[in-house]
Amino acid sequence: MGKQIDLLQGTLDMLILKAVSLGPLHGYGVLLRIQQISGEQLEIQQGSLYPALYRLEHQGWIASEWGESDNNRKAKFYSLTAAGRRQLHSETEKWNRMASLIASILRTTPEQI
Amino acid sequence: MNLLTRFLSWLKWMVKGQRLESEMETEVRFHIDSRAADLVRKGLSQQEAMRQARIEFGGIESHKDAVRASVGVRWWGELGSDMRHGWRLLRKNPGFAAVAILTLALGVGANTAIFSIVNAVLLRPLPFRDSDRLVRIYFNEPGVGLRDIPFSKPEMDDLQTRAGVFEDVTPIFEGSENMTGAKQPERLEAVNGSFSYFSMLGVTPQLGRLFGPQDFVPGFASTAVISDGLWRRAYGADPNVVGRTLMLDTDPFTIIGVLPRGFRHPGPTVSGDVDVFGAGGLSGDPFPPPIRGNRVLGSGIGRLKAGLTLAQAQARLTAMAADLRHDFPTDYPPQAQWTVEIQPLQETLVGNVRPMLLVLLGAVILIVFIVSLNIANLLLARASGRQQEMAVRLALGASRGRMVRQMLTESMLLSLIGGAAGILTAVGTLGFILRFVPSNVPRLNEVRIDWVVLAFALLISILTGLVFGLAPALHSAKVALSAAIREGGRGSGYSTATGRLRDVLIVSELAFAVILMAGAGLLLRTLRDLLQENPGFHPTQVVTANTWLGVPNNPKTDPYLSIPGMANFDREVLRRMKAIPGVEIAAITSSLPTTNSNPDAVGGLRIERFAIEDRPVESSQDLRAERIRISPDYFKVLQATLIRGRSFTEGDEDGKQPVAIVDESTARKFWPTHDPLGRQVRFGRDPAKPWTTVVGIIKDIKSDGLDIDGVPHIYVSTYQDPSKQVNVVLRTSLPAPQLEPQIRREIQSIDPGLPVFNVASMDDILDRSLSSRRFSADLVGGFAGLAVLLASIGIYGLLAYMVSQRSREIGIRMALGAGRGGVLKLFLQKGLVLAGLGIVAGMVVSASTASLMGSLLYGVRPHDPAVFVIVPVLLFAVAVLASYLPARRATKVDPMIALREA
Numbered sequence: 001m002g003k004q005i006d007l008l009q010g011t012l013d014m015l016i017l018k019a020v021s022l023g024p025l026h027g028y029g030v031l032l033r034i035q036q037i038s039g040e041q042l043e044i045q046q047g048s049l050y051p052a053l054y055r056l057e058h059q060g061w062i063a064s065e066w067g068e069s070d071n072n073r074k075a076k077f078y079s080l081t082a083a084g085r086r087q088l089h090s091e092t093e094k095w096n097r098m099a100s101l102i103a104s105i106l107r108t109t110p111e112q113i
Numbered sequence: 001m002n003l004l005t006r007f008l009s010w011l012k013w014m015v016k017g018q019r020l021e022s023e024m025e026t027e028v029r030f031h032i033d034s035r036a037a038d039l040v041r042k043g044l045s046q047q048e049a050m051r052q053a054r055i056e057f058g059g060i061e062s063h064k065d066a067v068r069a070s071v072g073v074r075w076w077g078e079l080g081s082d083m084r085h086g087w088r089l090l091r092k093n094p095g096f097a098a099v100a101i102l103t104l105a106l107g108v109g110a111n112t113a114i115f116s117i118v119n120a121v122l123l124r125p126l127p128f129r130d131s132d133r134l135v136r137i138y139f140n141e142p143g144v145g146l147r148d149i150p151f152s153k154p155e156m157d158d159l160q161t162r163a164g165v166f167e168d169v170t171p172i173f174e175g176s177e178n179m180t181g182a183k184q185p186e187r188l189e190a191v192n193g194s195f196s197y198f199s200m201l202g203v204t205p206q207l208g209r210l211f212g213p214q215d216f217v218p219g220f221a222s223t224a225v226i227s228d229g230l231w232r233r234a235y236g237a238d239p240n241v242v243g244r245t246l247m248l249d250t251d252p253f254t255i256i257g258v259l260p261r262g263f264r265h266p267g268p269t270v271s272g273d274v275d276v277f278g279a280g281g282l283s284g285d286p287f288p289p290p291i292r293g294n295r296v297l298g299s300g301i302g303r304l305k306a307g308l309t310l311a312q313a314q315a316r317l318t319a320m321a322a323d324l325r326h327d328f329p330t331d332y333p334p335q336a337q338w339t340v341e342i343q344p345l346q347e348t349l350v351g352n353v354r355p356m357l358l359v360l361l362g363a364v365i366l367i368v369f370i371v372s373l374n375i376a377n378l379l380l381a382r383a384s385g386r387q388q389e390m391a392v393r394l395a396l397g398a399s400r401g402r403m404v405r406q407m408l409t410e411s412m413l414l415s416l417i418g419g420a421a422g423i424l425t426a427v428g429t430l431g432f433i434l435r436f437v438p439s440n441v442p443r444l445n446e447v448r449i450d451w452v453v454l455a456f457a458l459l460i461s462i463l464t465g466l467v468f469g470l471a472p473a474l475h476s477a478k479v480a481l482s483a484a485i486r487e488g489g490r491g492s493g494y495s496t497a498t499g500r501l502r503d504v505l506i507v508s509e510l511a512f513a514v515i516l517m518a519g520a521g522l523l524l525r526t527l528r529d530l531l532q533e534n535p536g537f538h539p540t541q542v543v544t545a546n547t548w549l550g551v552p553n554n555p556k557t558d559p560y561l562s563i564p565g566m567a568n569f570d571r572e573v574l575r576r577m578k579a580i581p582g583v584e585i586a587a588i589t590s591s592l593p594t595t596n597s598n599p600d601a602v603g604g605l606r607i608e609r610f611a612i613e614d615r616p617v618e619s620s621q622d623l624r625a626e627r628i629r630i631s632p633d634y635f636k637v638l639q640a641t642l643i644r645g646r647s648f649t650e651g652d653e654d655g656k657q658p659v660a661i662v663d664e665s666t667a668r669k670f671w672p673t674h675d676p677l678g679r680q681v682r683f684g685r686d687p688a689k690p691w692t693t694v695v696g697i698i699k700d701i702k703s704d705g706l707d708i709d710g711v712p713h714i715y716v717s718t719y720q721d722p723s724k725q726v727n728v729v730l731r732t733s734l735p736a737p738q739l740e741p742q743i744r745r746e747i748q749s750i751d752p753g754l755p756v757f758n759v760a761s762m763d764d765i766l767d768r769s770l771s772s773r774r775f776s777a778d779l780v781g782g783f784a785g786l787a788v789l790l791a792s793i794g795i796y797g798l799l800a801y802m803v804s805q806r807s808r809e810i811g812i813r814m815a816l817g818a819g820r821g822g823v824l825k826l827f828l829q830k831g832l833v834l835a836g837l838g839i840v841a842g843m844v845v846s847a848s849t850a851s852l853m854g855s856l857l858y859g860v861r862p863h864d865p866a867v868f869v870i871v872p873v874l875l876f877a878v879a880v881l882a883s884y885l886p887a888r889r890a891t892k893v894d895p896m897i898a899l900r901e902a
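Quick mapping for you: the protein sequence lines, in order, are chains A and B. Per this note's numbering, the first sequence starts with residue 1, numbered consecutively. Per this note's numbering, the second sequence starts with residue 1, numbered consecutively.
Next up, chain A with everything else stripped away, as it sits in the complex:
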């Protein structure tokens, strides 16, 4: 396992939305999916997933449904709602704009000023 990156403040919600946008997942599944797509590089305190999940559901961006897991246990599955899809879209755009802006600032050389 290489050196892990701490999650940036406020980005967990976006990552969760992205994870469940690929298909319904239970809480532990969300964790696995994020770790998988990040190439195991993100450090997430596992318990903090749940306040975020409940908050997103509270805001109507994800919906939950009780179902059965692979190992035949009762688990709560989260899926993206239409509102959640719009939210993910706008978050993504915002993130991209911000990222490119920050990147261009950091690229600045003394000659450019």
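Where hints are given, some of them may not hold.
The calculated lysine-lysine pairs, modelled on BS3-like cross-linking and capped at a C-alpha distance of 27 Å, are [unchecked claim]:
#1 B/Lys699 with B/Lys636
#2 B/Lys724 with B/Lys183
#3 A/Lys74 with B/Lys16
#4 B/Lys702 with B/Lys724
#5 B/Lys636 with B/Lys556
#6 B/Lys669 with B/Lys702
#7 B/Lys12 with B/Lys153
#8 B/Lys825 with B/Lys892
#9 B/Lys42 with B/Lys16
#10 B/Lys830 with B/Lys892
#11 B/Lys16 with A/Lys76
#12 B/Lys64 with A/Lys74
#13 A/Lys18 with B/Lys64
#14 B/Lys724 with B/Lys556
#15 A/Lys74 with B/Lys578
#16 B/Lys724 with B/Lys636
#17 B/Lys578 with B/Lys702
#18 B/Lys42 with A/Lys74
#19 A/Lys76 with B/Lys12
#20 B/Lys689 with B/Lys556
#21 B/Lys636 with B/Lys578
#22 B/Lys724 with B/Lys578
#23 A/Lys76 with B/Lys42
#24 A/Lys18 with A/Lys94
#25 B/Lys724 with B/Lys689
#26 B/Lys689 with B/Lys656
#27 A/Lys76 with B/Lys64
In short, the hints are calculated from the structure, not lab data.
With chain A fixed as given, assemble chain B onto it according to the hints.
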């Protein structure tokens, strides 16, 4: 949309709080189990895997808490646990809880009760349709200092048609009627208005109909509307009462309707609630010809047109009065400045009790403040004891805001319990309390605990909770962590921060107590002065009884129409009264002393215009006096002092030279430089009437009330100028109840149709005339006493607490050689400095607000030196005692024990 989603989600979890918990539990367990299973697959032992999974997950409880917060239910959960915690604390300390809740219940209960009266009397609109448009109409002549003078039919027509501001206007004749036909004749309070009186108010009957245009006839209509009270009392609530005949002053009336239960006549009355209503046509017999100068209408009520403000209406009426003065200069002499004024009807009904009610409300609000300051002190002492608990909570990561909230929740719990107890007390005792409220307070029948009162009680409870909760809450949030744990660990001393806060509380408590005491002192002094006031006569061993001779609408049926007719009746009554065994002297008067405390009331007192022989009638002087008709022995019965001249004799009768007696202040007012004896006066404006000669001067008699001065009185002989109102006054050693049957029998053997009412001793009458003052003085006095008690408990508690907290320090001081005197001084000084500060602050506030009470005082200035000396001295003495007891306990501290315990 988003807000709605969130609200629905919040509601879901609020309702299914238990499900949230179990769902979280299931999810967390699933997560940890799944993680552990994965870890086992990576090669860890089952036990090690579970441990690792738990560590990776982090603090389960804090995550759950974050979940609760994220769906918005954490706050409620915490509130619930804070409440439970607070409840447990109260249960653990029942003494404190009982004291706090009892004093709060008292404070909130008193507030609720008084406010329910204030609300019903002062705040709630009169129970009539659009009652804000109802006004009382006054005719004044400010140029000669006359207010509320009678008016004439043409003047009323002007209001109706020319002024253009009224939808409707009705005159009001208040008076007495004798109801006959039942077993006993009864004197009823009656009002005659115009036929539109009820429609103007917007009243609907519970039976039959009210007056309409068909009752608009010359003279008086032969129809009557009766009150709910009379319907129940005299007719046993007979549903077929409509159509029955009612005999009033020997005239037959047909009952056409019964008023609803809560209806009260919103205008002047002679005394008490109106039971029978009639409609007058204002022209035809017995009304005089409708000439501008024939001013026989007593008072008027009107309804303003919609959309007109009071000021606009007043401006138009003032303009109309100016036009009329210009058009009819002979009827409106310029120097009199005749004018028309309107006042909201509600104001005229309740205006005179407003100061008293507001002072009472102020007193109960002060009491509840003192109560809450006292509780704040207790809580603060407790908070100091809980410093350790707070410090531990802080150390474990509770936020300071969270702790303030917890303390406030505890105080709110206490204040709401106390408030609920107070409201229950008020609801339970309101009927009892109302029995002590003087009956001159109008609208008492409307007093009830409604939503407005409940809201006020809740507000007071919450405010008190804030007052007594905020100080300890903020204090606990300021706990210095290390210090608190250290102090708490070692049985602390008296920390300066808490100390200062408690000092402020005590000082303000004392200041409030001073304000209440000063108010009570002023009211009690007023009452004492009035009780000691020389009324100008000797009321003990005097019994009075009233009768009313009736005014039939048809003069031909009036047996007492002529002067000799009434004089003969008076003589016969006196003859029979004197024959009753035990009666020494008997007399008759048209006006009993102190039975009407409102000199402006047209019904009770007849303040009339008169002329003096050598002065022009319309001079700028207020030639107005109350004419009292008396029989020769009246002053003898009252043991009033004749200063000069003579009393009336049996010879002062019709056909002889009319004679009058004036009292000293009347003599001074109208004949400041002359001797009034032998001067002549004449009531009314009829120049054909003979002049009346002043034959005597009597010492002033407080005829209009012990607290009313300045109404001039002219006594005339009842044989020459009799009244339909006959009040018998007897000097006797027998009590009133024993004489009542005999008085009734004797009067009714002259005329079986006459009612005999209000048989009472003169002492009782004087007493009753002060009932309103006594009520407010007793109440405020009681509150002041309570305030002193609470304030002294406050001082005592503070010092006792200080002594117990500093016993170790005292022990050291004494071990080092401090004398008992020094220790005593240390604590005594503390108490007295606080008391002094509080008293000074209270005196400053009292002195600057006392004048607000001016209208409730009589014979005492708002800055009465005695009150402002006695109050601080008394309170200081109490403070000395309250400080001395704990200070002395400090001197009893045994250094050995104190040091060892610490």
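Does the structure break any of the earlier hints, and which numbers would those be? Of the numbered hints given earlier, those the structure breaks are 5, 7, 9, 15, listed in rising order.
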